[in-house]
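A.B. asks: Same order as they appear, the protein sequences are chains A and B. With the working numbering applied, the first sequence covers 1 to 193. With the working numbering applied, the second sequence covers 194 to 299.
Just so you know, not all the hints are guaranteed correct.
What follows is a set of in silico ranges between Cβ atoms, one per label pair, in the way DEER data are often shown [claimed, not checked]: (1) B:S206 x A:Q45: 22 to 30 Å; (2) A:E152 x B:K201: 23 to 31 Å; (3) B:F224 x A:H188: 36 to 44 Å; (4) A:N19 x B:A268: 53 to 61 Å; (5) A:S7 x B:A233: 22 to 30 Å; (6) A:Q67 x B:F266: 42 to 50 Å; (7) B:F262 x A:E10: 47 to 55 Å; (8) B:W252 x A:V172: 42 to 50 Å; (9) A:K58 x B:I255: 32 to 40 Å; (10) B:S204 x A:V172: 20 to 28 Å.
Example chain B residues on the side facing chain A (calculated, C-beta under 10 Å, incomplete) [what the hints assert, rightly or not]: (11) E207; (12) V209; (13) R213; (14) K218; (15) I226.
In short, the hints are calculated from the structure, not lab data. Glycine included, every Cβ here is placed at the ideal spot set by N, Cα and C.
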Amino acid sequence: MHFETASDEELAMDAQTGNLDAYDEIVRRYQERIWSFLYKFCPHQSELEDLVQDTFIKAYNNLHRWQPTGTFKSWLMRLAVNTGHDFYRKRRNEPLTIAQKTHKDAESDPLEEHLEEEAHATQEHPAAELVERIMLELKPDDRVVVTLQYYEKMTLQEISEKMDWSLANTKVKSHRARKKLEKALKAHGIETL
Amino acid sequence: MASKPFNKPKSFSELVDQSRADIPKCPDLRFSIRQRLSQAPRPEPEPQPLGWMDIILQWGSIGRVKAGFGVAFAALMLTSYMELTRPEPQQGPSGPPMRIMQQLGN
Chain A
1 MHFETASDEE LAMDAQTGNL DAYDEIVRRY QERIWSFLYK FCPHQSELED LVQDTFIKAY
61 NNLHRWQPTG TFKSWLMRLA VNTGHDFYRK RRNEPLTIAQ KTHKDAESDP LEEHLEEEAH
121 ATQEHPAAEL VERIMLELKP DDRVVVTLQY YEKMTLQEIS EKMDWSLANT KVKSHRARKK
181 LEKALKAHGI ETL
Chain B
194 MASKPFNKPK SFSELVDQSR ADIPKCPDLR FSIRQRLSQA PRPEPEPQPL GWMDIILQWG
254 SIGRVKAGFG VAFAALMLTS YMELTRPEPQ QGPSGPPMRI MQQLGN
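Bound conformation, chain A alone (with noise of 0.2 Å):
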């Protein structure tokens, strides 16, 4: 089989029959996309680095769970979504992120200096720093949300057939991820959404 020239449906198959070789062509596709996506959920690019190859771990290990009757690019955005929602969460919960302490005045410590340089890469990216300062504020299904919504511009129809949600849920998760969205934009001398 010619991989380059196989849909990605092909390609699924033939990974489920443990082949590397198809896998690494459906890597070869999706990583720069899977990439993109997470560095909404996670900017600092180490443990980005970590989330997308862990997303394609996962999908491998899933490949049985796939049915070809649907698209393999929708389930594995949809694994890709799971996944970064489920990093933001754990990351919430963790007493202080590493994003917030880029903020923090950095003395001679080795760990203060590590995050030190982690603060000047994001300096560089004032308005990721802008953008990943503000997500903070959010909770992790608000920030899912606003992410679908306005990175990936996608419909309220689509979030909620991506996250498992009902329209109503999902209307009603829009409408208040909009609500604290526009308030920490304020906050942030940001007037609309």
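Let chain A serve as the given structure and place chain B on it in line with the hints.
C.D. replies: For chain B alone, kept in the frame of chain A given last:
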């Protein structure tokens, strides 16, 4: 290093568009992923829910076990019955055994 000039956006949508440009380039992760996949054993797929044919076959095997027990029980009963109906040896040092009915009759 001089930082880039940052014009604070007026809306969240504008901020989102600006931040898209800040996303770092994705490294090629194929090698690392493949390495991790070839090191870790692949988990066995979970068993699928039973179809009606599987259920019938399962019932069939349970039936075979039940039938086996039934045959063994029937054989036991038959041999016990045959043992009971087999005539006792009549001769002994004290003469033939006295039957209860005979005693009651007298």
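A.B. asks: Next step is simple, just say for each hint if it's right about the structure.
C.D. replies: Structure-based check of each hint:
About 25 Å separates the C-beta atoms of S206 of chain B and Q45 of chain A, a value consistent with the hinted range of 22 to 30 Å. For E152 of chain A paired with K201 of chain B, a C-beta distance near 24 Å keeps the hint of 23 to 31 Å intact. Checked against the given bound of 36 to 44 Å, the beta carbons of F224 of chain B and H188 of chain A, roughly 40 Å apart, stay inside it. The supplied range of 53 to 61 Å is met by N19 of chain A and A268 of chain B, whose beta-carbon atoms lie about 56 Å from each other.
For S7 of chain A and A233 of chain B, the hinted distance range of 22 to 30 Å is satisfied, since their beta carbons lie about 27 Å from each other. Remark: the range hint 42 to 50 Å for Q67 of chain A to F266 of chain B is upheld by a beta-carbon distance near 48 Å. A hinted range of 47 to 55 Å holds for the C-beta pair F262 of chain B and E10 of chain A, which are about 52 Å apart. A C-beta distance of roughly 48 Å is found between W252 of chain B and V172 of chain A, which places it inside the suggested range of 42 to 50 Å.
Judged by the Cβ atoms, the range 32 to 40 Å given for K58 of chain A and I255 of chain B holds: they are separated by roughly 38 Å. Remark: the range hint 20 to 28 Å for S204 of chain B to V172 of chain A is upheld by a beta-carbon distance near 24 Å. The interface hint given for E207 of chain B is met, as the beta carbon of that residue sits about 9 Å from the closest beta carbon of chain A, less than 10 Å. With a least beta-carbon distance of about 5 Å to chain A, the hint placing V209 of chain B at the interface is held under the 10 Å criterion.
With 10 Å as the threshold, the beta carbon of R213 of chain B comes within range of chain A, its nearest partner Cβ sitting at about 8 Å, so the hint holds. A cut of 10 Å between beta carbons decides the hint on K218 of chain B: the least distance to chain A is about 8 Å, and the hint holds. Taking 10 Å as the C-beta cut-off, the interface hint given for I226 of chain B holds, the closest approach to chain A being about 5 Å.
Violation of the numbered hints given earlier is absent; every hint is satisfied by the structure.
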